[in-house]
Structures are given as C-alpha cells and as structure tokens.
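*Asks:* The primary structure of each chain is shown beneath.
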Amino acid sequence: VFQPSVLVVDDEVDIRESLREVLEEEGYEVTVACDGQEGLAGLRRRKPCAVILDIIMPVMSGTEMYAAMQEDPALASIPVIVSTSDPSRAPSGVLIMKKPVDLSRLLAAVAGICRKASIPLQ
Amino acid sequence: MMWEPGMTEPPSTLFALLKAERQQLIERWSGQIRAALAAEPVPNAELIDHVPLFVDDLVGALYPEAMPFPGPSQHAVAHGAQRLRLGFDVGEVVREYGILHLCILQLAREAGLAIDLREQEVVARWLNTGIADAVSQYVSHRDLELQRQGSEHVGFIAHELRNPLSTAQLAFQRLRGPRPAGDRVLAILERSLRRAAEVVDSALTHAWLKMGVALRPDRLPLREFLEEIGADAGAEADGKGIHVEVSVEADLEVHGDPRLLRSAVANLLLNAVKFSRPGGAVSMTAWQREGRVLIEIADSCGGLPAGRVDELFAPLVQRGEDRTGFGLGLAIAMQAAEAHHGTIKVRDVPGRGCVFTVDLPGPVRHT
Numbered sequence: 002v003f004q005p006s007v008l009v010v011d012d013e014v015d016i017r018e019s020l021r022e023v024l025e026e027e028g029y030e031v032t033v034a035c036d037g038q039e040g041l042a043g044l045r046r047r048k049p050c051a052v053i054l055d056i057i058m059p060v061m062s063g064t065e066m067y068a069a070m071q072e073d074p075a076l077a078s079i080p081v082i083v084s085t086s087d088p089s090r091a092p093s094g095v096l097i098m099k100k101p102v103d104l105s106r107l108l109a110a111v112a113g114i115c116r117k118a119s120i121p122l123q
Numbered sequence: 383m384m385w386e387p388g389m390t391e392p393p394s395t396l397f398a399l400l401k402a403e404r405q406q407l408i409e410r411w412s413g414q415i416r417a418a419l420a421a422e423p424v425p426n427a428e429l430i431d432h433v434p435l436f437v438d439d440l441v442g443a444l445y446p447e448a449m450p451f452p453g454p455s456q457h458a459v460a461h462g463a464q465r466l467r468l469g470f471d472v473g474e475v476v477r478e479y480g481i482l483h484l485c486i487l488q489l490a491r492e493a494g495l496a497i498d499l500r501e502q503e504v505v506a507r508w509l510n511t512g513i514a515d516a517v518s519q520y521v522s523h524r525d526l527e528l529q530r531q532g533s534e535h536v537g538f539i540a541h542e543l544r545n546p547l548s549t550a551q552l553a554f555q556r557l558r559g560p561r562p563a564g565d566r567v568l569a570i571l572e573r574s575l576r577r578a579a580e581v582v583d584s585a586l587t588h589a590w591l592k593m594g595v596a597l598r599p600d601r602l603p604l605r606e607f608l609e610e611i612g613a614d615a616g617a618e619a620d621g622k623g624i625h626v627e628v629s630v631e632a633d634l635e636v637h638g639d640p641r642l643l644r645s646a647v648a649n650l651l652l653n654a655v656k657f658s659r660p661g662g663a664v665s666m667t668a669w670q671r672e673g674r675v676l677i678e679i680a681d682s683c684g685g686l687p688a689g690r691v692d693e694l695f696a697p698l699v700q701r702g703e704d705r706t707g708f709g710l711g712l713a714i715a716m717q718a719a720e721a722h723h724g725t726i727k728v729r730d731v732p733g734r735g736c737v738f739t740v741d742l743p744g745p746v747r748h749t
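So the sequences go chain by chain: A and B. As numbered in this note's numbering, the first sequence has no gaps in its residue numbers, which increase by one up to the final residue, 123. As numbered in this note's numbering, the second sequence has no gaps in its residue numbers, which increase by one up to the final residue, 749.
What the simulated footprint calls covered on chain A by chain B, stretch by stretch (three residues with Cβ under 8 angstroms from a Cβ of chain B suffice, anywhere in the stretch; the number is not a length):
hint: 1; segment: 17 to 28
hint: 2; segment: 95 to 104
Label pairs and their in silico Cβ distance ranges:
hint: 3; chain 1: A; residue 1: G113; chain 2: B; residue 2: G564; range: 23 to 31 angstroms
hint: 4; chain 1: B; residue 1: E627; chain 2: A; residue 2: K117; range: 43 to 51 angstroms
hint: 5; chain 1: A; residue 1: R45; chain 2: B; residue 2: A617; range: 32 to 40 angstroms
hint: 6; chain 1: A; residue 1: K99; chain 2: B; residue 2: E572; range: 22 to 30 angstroms
hint: 7; chain 1: A; residue 1: S78; chain 2: B; residue 2: E580; range: 38 to 46 angstroms
hint: 8; chain 1: A; residue 1: S78; chain 2: B; residue 2: R674; range: 52 to 60 angstroms
hint: 9; chain 1: B; residue 1: W590; chain 2: A; residue 2: R47; range: 47 to 55 angstroms
hint: 10; chain 1: A; residue 1: I97; chain 2: B; residue 2: D583; range: 30 to 38 angstroms
Under 8 angstroms between C-beta atoms, here's a sample of chain B residues computed to sit facing chain A:
hint: 11; residue: Q551
hint: 12; residue: L552
hint: 13; residue: G621
Because the hints were derived from the structure by calculation, they are not lab data. Computed from a predicted model, the values in this text were never measured in an experiment. Here a beta-carbon is modelled for each residue, glycine too, at the ideal position from N, C-alpha and C.
All chains, full assembly: derive it from the sequences and hints.
*Replies:* Next comes the structure, spelled out in structure tokens:
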C-alpha cells in the first residue's frame with residue numbers, strides 16, 4: 002500500500018509535533034526536523050512527496066535549505082509548502098501558507114501534491 | 383606665522399587676524415576639544431569636520447562690507463549630524479562652539495587686538511547661529527533615530543509573539559476540528575499562551591528597566607534561587623530532551639532585586655535551552671571569586687558563527703534568519719545585571735556551545 006510521506010521542518014517543537022499528529026491522523030507517514038540542516042539530512046535519507054518548511058530557524062533557515070535543495074538534482078523536484086509568519090522572506094516558486102496556518106487548507110494542499118506524486122507509483 | 387608682540391603692523395581688525403591665523407585657530411580649537419572630550423579619541427579629520435568651513439564663513443561675515451546678520455549655517459547643520467554619528471552628547475556640541483569663541487578671544491588677546499563692538503556682535507551672532515543649527519540638526523536626527531528604535535522595538539515584540547500565537551491558533555483549530563483532541567493539544571495551547579504571556583512580561587521588564595525604576599534589593603540565597611529558575615526551565619528543556627544541571631556553592635548569597643535577577647538568569651537559561659541541540663546539556667554553575675559572585679550558564683548550541691559574539695547583546699536587533707529572538711532576552715539580562723553594577727560576558731566554545739557569565743557584586747555568606 003502506498004503511504005505518502007511528508008517532511009515537516011520547523012524549529013517550534015509544538016508546531017512541528019502538532020503538524021505531525023494532524024498529518025498522521027490523515028494517513029501520512031511524517032518525519033520531522035528542527036532546522037534546515039536536519040531537514041536536508043532527512044531528505045537524503047528518504048524522499049517525501051512534500052516538504053512543509055518554516056523559514057526563520059536557527060542553524061540553517063528555510064530559505065537556505067530550499068536553495069540547497071534546488072542545487073541538488075535529487076531534491077530539486079520535491080514540492081515545498083512554505084509555512085511562515087513572514088511571507089516576504091519566502092523563496093519564489095513555492096506554495097506559501099502564512100502562519101497561523103489554516104489546517105484545512107494545508108491538508109488540502111498536501112493531499113493535492115501527494116495525490117499527484119502517487120500516480121506514477123500506482 | 384602668528385603675530386607676536388614686537389612685530390610691526392599687528393592686525394587692526396579681527397577680520398584681518400582670523401584671515402591670517404585661520405589654521406592656528408583651528409589647531410588651537412581642535413587641541414582644546416580633544417583635551418575636553420570624555421569620549422574615545424577621534425581621528426583629526428573627523429574631529430575638525432566642517433569647522434574650518436564654518437570659520438571661513440565667520441571670517442567672511444567679519445568683512446567690513448559683509449551682510450552683518452548671517453542666515454542658517456549649512457556647515458553647522460552638517461556638523462551637528464556628524465557629531466551625533468560620532469556619539470557626542472548635546473552638551474559637547476554646545477561646548478565646541480563655546481571653545482571656538484574662547485580660542486578667538488585668546489588669539490585676539492595674544493595679538494594685542496581690542497575687538498570692536500561690530501566685530502564682537504558678528505562673532506556672537508555667528509556662533510549663536512552655529513550652536514542653534516548644529517544642535518537643531520543633532521536633536522532632529524536623534525529624535526528620528528529614537529522613533530526608528532521605538533518602531534523596531536514594537537516590531538521585535540510582535541515577532542516574538544507570533545510563534546506562540548501561531549502555535550496556540552493551531553491547537554485551537556485542532557480543538558474545534560472533527561477529531562477528538564487529547565490532553566496533549568490542551569497542553570500545547572496552555573504552553574503557547576504561557577509563552578506569549580512571558581513575551582509580554584519581558585517587554586514590560588525591558589520598558590521598566592529603560593525607565594530606570596529604583597531597585598528593590600533583598601538578600602537572595604543563591605542555591606534556592608537558581609534551583610527554582612532551573613526547575614522552571616525544566617519543562618521547556620524536557621521537550622527537547624535536554625538535561626539542565628544546577629550547581630551552586632554552599633551558602634552563597636547576593637544582594638539584589640529578585641525580580642530583575644530572576645529575569646536576567648531565566649532569560650539566559652531559556653536561551654541556552656532554546657539554542658541547544660536536542661539531547662544536549664545545559665549547566666548553570668555559581669561560585670564566588672575575589673569578592674564577586676559568578677553565575678555561569680553553558681549551553682550546547684554548537685558555538686557561534688564567527689564574528690557574532692559582539693552582536694549578541696545589541697538590544698532588539700533582528701539578526702537575519704538565524705538566532706532571531708535572541709535579542710530581547712539578552713538585552714534584558716544585560717540591563718538587569720548592569721542595574722546591579724554587574725556585567726554579562728559571553729565566551730564561544732567552537733563546536734560545543736556558548737558560556738554566558740553573569741558577574742555580580744558580593745558575595746554575602748550566611749552567618
């Protein structure tokens with residue numbers, strides 16, 4: 002059975018874990034990371050069908066992580082949803098959800114992305 | 383060459399004297415300013431700034447057929463703005479023009495010149511204009527800077543509030559959602575609201591410290607005091623799997639305002655937890671040395687990026703995308719320590735973390 006996976010990258014532990022629980026309840030396999038550096042390491046272990054990415058984080062910001070993904074052909078095509086309180090800092094070419102995130106919109110976006118991603122595997 | 387007694391044809395007017403001795407006047411003035419300044423030495427070009435041009439205008443105004451009443455002095459305006467940038471205070475800017483007046487009178491006396499009333503009036507008017515223009519510009523730039531800092535402060539606090547409010551709103555959506563939300567969601571909601579309240583408390587403490595409210599000092603048994611702060615940070619640390627170890631020399635006391643010292647130490651400790659890697663260690667150690675009490679808080683943040691140590695204590699500065707949120711807590715901690723005649727220093731341990739040391743007067747031993 003295809004179980005779509007999502008990577009959540011956010012330095013706020015409560016946001017990270019809340020999104021993990023909500024997404025798991027929807028049937029996704031969820032991995033989490035507390036900064037861009039951990040996020041990149043997670044992506045290299047397993048390619049998810051979507052990344053939910055915070056921008057302002059210590060160690061490596063979401064902007065830096067996104068730039069690193071674009072430079073890596075193995076990661077560049079992974080869809081990214083940026084969840085940030087400051088959309089002006091988000092990189093271009095990504096879906097932006099302003100914090101506080103509307104859960105139903107976020108779940109709809111993730112479902113849309115992962116449905117598309119699952120087609121070649123079926 | 384300056385005129386000296388015995389020389390023939392001494393200058394008969396202040397106009398002639400200052401025209402001939404312009405350089406001498408500026409050197410004399412800069413020497414006296416340098417001696418009078420409490421601030422750090424300033425390079426000569428920056429010290430004299432627009433003053434030679436101001437003197438040229440003054441000499442021009444002394445010319446017998448010149449317009450006697452000068453308009454605004456653009457050189458004094460530029461000088462006022464430059465003095466603010468250099469960190470002069472308003473009193474120093476005013477004194478600069480007073481010293482210039484004094485140097486003019488000294489030169490005249492040494493030249494045996496009796497300044498006539500018209501020239502005295504021109505000098506007085508020109509220097510008054512210079513002082514007024516320089517100070518007006520200084521104050522107007524300073525006011526703009528204060529307004530900018532005020533806006534930055536508000537923006538910073540709003541930024542600090544956004545994270546806990548976002549988390550609370552996420553929890554609230556889950557509570558209202560179709561699935562039953564457990565106690566965990568309620569705990570998240572409670573934690574977020576508490577953090578938002580802490581930001582508001584911090585902002586108020588910061589404002590309170592800025593206003594210079596008098597301390598309410600008390601004897602604080604340090605072990606009990608620090609263990610309590612350590613326990614408060616425990617909940618935050620547990621969430622990241624971080625162990626907070628508190629170790630305090632027996633019977634140690636400080637004399638201080640408990641609210642402020644709690645704020646200082648708690649801010650440092652919470653920052654240590656916030657920036658330490660999950661599973662890392664945070665320690666708080668206190669001891670006495672050479673009549674001082676030292677409280678050291680060591681984290682495992684991995685060390686600071688090169689060149690960032692000095693930036694840490696700048697109040698309310700948003701430092702790009704990493705370590706945002708560091709400023710308010712550290713600024714409060716620094717203000718609180720300084721209010722107790724203490725200091726806070728940070729040491730970077732590359733690859734491991736940061737060590738913050740609060741240095742306070744003391745100690746007092748239990749008897």
